[in-house]
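Asks: In case you want the letters, here they are:
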Amino acid sequence: GQQLNQSPQSMFIQEGEDVSMNCTSSSIFNTWLWYKQDPGEGPVLLIALYKAGELTSNGRLTAQFGITRKDSFLNISASIPSDVGIYFCAGQKGTSGTYKYIFGTGTRLKVLA
Amino acid sequence: GAVVSQHPSRVICKSGTSVKIECRSLDFQATTMFWYRQFPKQSLMLMATSNEGSKATYEQGVEKDKFLINHASLTLSTLTVTSAHPEDSSFYICSARDVAGTGIEQFFGPGTRLTVL
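Chains D and S are the protein sequences, given in the same order.
For the first sequence, counting from 1, position 28 maps to 94 in my numbering; every step adds exactly one.
For the second sequence, counting from 1, position 42 maps to 553 in my numbering; every step adds exactly one.
The set of hints was computed from the structure by calculation and includes no laboratory data.
Keep in mind the model is a prediction, meaning the values are calculated, not measured.
Among the clues, some could well be false.
Said to hold, decoys possible - From the derived model, a few chain S residues whose C-beta atoms are all more than 12 angstroms from chain D:
| # | residue |
| --- | --- |
| 1 | SER520 |
| 2 | THR591 |
| 3 | GLU616 |
Claimed, not checked - Covered stretches of chain S (in silico footprint by chain D; criterion: 3 or more residues with CB under 8 angstroms from a CB of chain D, positions within the stretch not fixed):
| # | region |
| --- | --- |
| 4 | 525-535 |
| 5 | 619-628 |
Virtual Cβ for every residue (Gly too), placed ideally from N, Cα, C.
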């Protein structure tokens, strides 16, 4: 099935550093979402973006919906050890009643204390 | 609010047997639930969309006769893996969409790890 491309695939960073990751697609999406998944658990929503160009923050997280509607990025500022996990972007497509998500390939984040 | 549960959290079965996984929305009603499969170190892949009171819609390449989906009420969807084989071993995750919400956000369950021996 279709997947969105995320980069980087994985990263090791020092605690306190800022992190940036992005997600690209060859097709347009109406909504972009960013999720975090801890090992053995389901994904948890971090940020949802609904309009092209939108920039939204949630605490230390900031995400933007690309103006072309084909990409999005997520920034994490001043990383802490509990930021460890896998971050997935998801694009929502479809019409009312048939919405579904396409997930990205994931970015695995490891924070060194 | 918006809690989704799955049962069991993990299951081990013998090859050739069938396994049923339940997905429940605990504090909201969901006309639509989704079933995903996630292999180790990979992303979530949508298997099917489960609609209350009607047949599920399967993604391309997913066998509907092997992965039986029943969405009998607004709070429960079940996925039955029939005649399971070792290659069906995976992490199965469901999500649910709140009928009262915007229709966009999906709330995810904690997942069920299936191991087929």
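Asks: Between the region 619-628 of chain S and chain D, are there enough contacts, at least three residues with CB-CB distance under 8 angstroms, for the coverage claim to hold?
Replies: holds (count 5)
Asks: Is the coverage entry for the region 525-535 of chain S by chain D consistent with the three-residue Cβ rule at 8 angstroms?
Replies: violated (count 0)
Asks: Please check whether the beta-carbon of GLU616 (chain S) is more than 12 angstroms away from every beta-carbon in chain D.
Replies: 7 angstroms, violated
Asks: Is the claim that SER520 (chain S) lies outside the interface with chain D correct, judged by CB distances over 12 angstroms?
Replies: SER520 (chain S) not clear of chain D: closest Cβ-Cβ about 9 angstroms, inside 12 angstroms.
Asks: Since THR591 (chain S) was said not to touch the interface, does its Cβ keep a gap of more than 12 angstroms from each Cβ of chain D?
Replies: 20 angstroms, holds
Checked against the numbered hints given earlier, the structure breaks hints 1, 3 and 4 and satisfies all the rest.
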